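Participant: Given the structure of chain A, go ahead and fit chain B onto it with the hints provided.
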Amino acid sequence: MNAPIHTPRETPPTSQVPDPQRLTRGYWYWRAKRQRWSLLIEKRALVVNTVLLMVLVLCSLASLAFGTLSIPMPDVLLTLQGEGTSMHTFVIEELRWPRLLAGGLAGAAFALAGCLMQTLARNRLATPGIIGIDNAATAFAVASVVGTGISLAPPAMALTGAAVATALAFGLAGATGTRGYRFIIAGLAIGAISGALTQVMLSSVALDDANAAYPWTVGSLNARAPNSVHALTIGLAVSYVLSLFLNRALATLQLPEAVTTSLGTHPGRVRLMGLILSVLLTGLAVSVAGPVGLIALLAPELARTVSRPGSIPLTASFLAGAILMVVSDLAGRLVLAPLEIPVGIVTALAGSPYLLWILLRKSPDINR
Amino acid sequence: MNQTVTMANTQTSATPLSAKHLVMAHGSHTVIPQLDVALPAGQVTAIVGPNGCGKSTLLNGLARIHKPRQGTIVLNGADIHKQPAREVARKLALLPQDNSAPEGLTVTDLIRFGRHPHQSWLSQWSDEDQHAVESALRAADVGDLADRPLDTLSGGQRQRAWVAMSIAQETPLLLLDEPTSALDLGHQIEVFELIRALAHQGKTIAMVVHDLASACRYADHIVAMLGGEIISEGPPSDVITTNLIEQLYGVTCDLMQDPTSGSPMLFNIRRARC
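Residue numbers (our numbering), protein chains in the order written: chain A, 1 to 368; chain B, 1001 to 1274.
Here chain A stands alone, though its shape is the one from the complex (with noise of 0.2 Å):
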């Protein structure tokens, strides 16, 4: 005979179910009445969402306005509207617009690459810039630029560079994939080549070709690849679009990996799919700004930090890479005016001691 089986214990549980209002405070949640239809919707995210829109429009607004020519504010916004002088619609639409567009563009897709990859790796390090992935993509657009005679265009040169980086970290880092710090390291390698690599290329061509490869290897919105821009913006749509999709899934990365597969996630799956739209994104924003890699670190971290715990904040790293990149270039613009600091300059004066903080102040592991 079996062993007498326990009743389940008869005394009522002692804690109280909180008012059912309770379980979706912070959240506005909308039901159909026939479907089985339902929205969740953050108050948090989208009040940060909110200001750092606000902030980027200001930011872009001063980016205008500011510079070897100072245009006032009114002045400026006449021009936007089709009103301005001839001098200030050609300063702003030919000049100031286009450098705003590319700069805002290619934070945003850095800072997009950065979260997505720092949410499958389960690690505040792992990202494009640590991982050696915007140096690569820099060496081969560079191989590009200096006639090495390969004739691809150097958009298309940096996708492969991100790519083929992106291949060899994963290889070597075997069986652990993107988790753990064999990929990062393996990462550190890779990047340090192929920054050897381009300084090698520099170096072995003539001056005049080394010139105009220079603000590819240090990151500056001034020698921006014809056809680039649309590429990336193109790009940075769809993998906005696709990353959004992916959310649900890429919130349940953040626990066990066993917990992920238990809730119905194929978190190898998921993790290819980041990874693939993180090398897209870090491959067209280096083709238009150069390895900026450090704002793919700056801006999720930002972003978490007002964000909700255990939120994966896509759009608010969108917003916040868009935001640092135009500030550090208009702060590239204006210190030391007329001489103009290369924005990749700006971003590494001003990240690294925020990345020394970051790595003393907490463990990189996102939990913990």
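The reader is advised that the hints may include incorrect statements.
Non-contacting residues of chain B with respect to chain A, defined by C-beta distances greater than 10 Å in every case (computed) [stated by the list, open to error]:
#1 H1021
#2 N1051
#3 R1086
#4 T1106
#5 G1156
#6 S1232
Beta-carbon label-pair distances, calculated as ranges [stated by the list, open to error]:
#7 A167/A <-> R1069/B: 25 to 35 Å
#8 A1078/B <-> H230/A: 12 to 22 Å
#9 R361/A <-> G1042/B: 47 to 57 Å
#10 F90/A <-> S1120/B: 49 to 59 Å
#11 A1272/B <-> H266/A: 40 to 50 Å
#12 R361/A <-> A1272/B: 51 to 61 Å
Calculated from the structure, these hints are not laboratory results.
Keep in mind it's a predicted model, so treat the numbers as computed, not measured.
No residue lacks a Cβ here, since even glycine has one placed at the ideal position from N, Cα and C.
Facilitator: Just chain B now, with coordinates in the frame of chain A:
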């Protein structure tokens, strides 16, 4: 009538989850050379055995966390790896040993994750979700902790929150890997009683347990593993013998019946002289 033993040995449709000719390996190291097992429906099965005997590997295999080298895991009559991941996640939940969570995540946030397989882009928070989370909070007795971040809780409270997440998944099958490790006696009993209550509601439960006494007391069916093989299975009073305990752990002991529950109790435990 109790048909535990016969049910375990036949592959009737009453078995919601079973393994056929299962071979599990980590790399080149074979952990489970060949194994057949079936979980009796509506009962609590405890998997016991010494460290490294393949208990957790078996549980992870059953929960399709690791793919078997050979053999099949059959969930409701079909190969688990051929069923859509979401469908499986509505039938089977696993609570692993590793329960790290993002910093700042609250108990409710965690339990909400349990609803993931029931939600989609068009259905983000249904009435069912609401009810499931409410009743999980109640069942695991964590209603008072609903808004607390997990990292501010004690080990026992945190474990109850994780159990609540599994309950919110509302699966007829629940697999738990050492659900009471790192808990003090009071919290252990709390979790075990919760598991019994869930079985009472009709869930089929399998758990890896280190403590043989608790396994005897709270499980209907014991699966004893050694070296990746099942060396004995059945109701606790049939399976647990001094012989088996010496075989499993290399200790000798005496057994008596718990006067209140009738389950076997171990005492006078000492190392076996070889």
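Participant: Evaluate each hint against the coordinates.
Facilitator: Checked hints:
1. H1021: holds (22 Å)
2. N1051: Answer for N1051/B: holds, closest chain A Cβ roughly 19 Å.
3. R1086: At about 4 Å from chain A, R1086/B fails to clear the 10 Å cut-off, so the statement is violated.
4. T1106: Given that some Cβ of chain A is not farther than 10 Å from that of T1106/B, nearest at about 8 Å, it is violated.
5. G1156: Per Cβ check, G1156/B is outside 10 Å of chain A; nearest 14 Å; holds.
6. S1232: holds (15 Å)
7. A167/A <-> R1069/B: 25 to 35 Å: holds (27 Å)
8. A1078/B <-> H230/A: 12 to 22 Å: About 49 Å separates the Cβ atoms of A1078/B and H230/A, which means 12 to 22 Å is violated.
9. R361/A <-> G1042/B: 47 to 57 Å: Once the Cβ atoms are compared, 50 Å apart, the range 47 to 57 Å for G1042/B and R361/A holds.
10. F90/A <-> S1120/B: 49 to 59 Å: holds (51 Å)
11. A1272/B <-> H266/A: 40 to 50 Å: For A1272/B and H266/A the Cβ distance comes to about 46 Å; the hint holds.
12. R361/A <-> A1272/B: 51 to 61 Å: 52 Å Cβ-Cβ, so the 51 to 61 Å window holds.
The structure fails to meet hints 3, 4, 8 from the earlier list, while all remaining hints are met.
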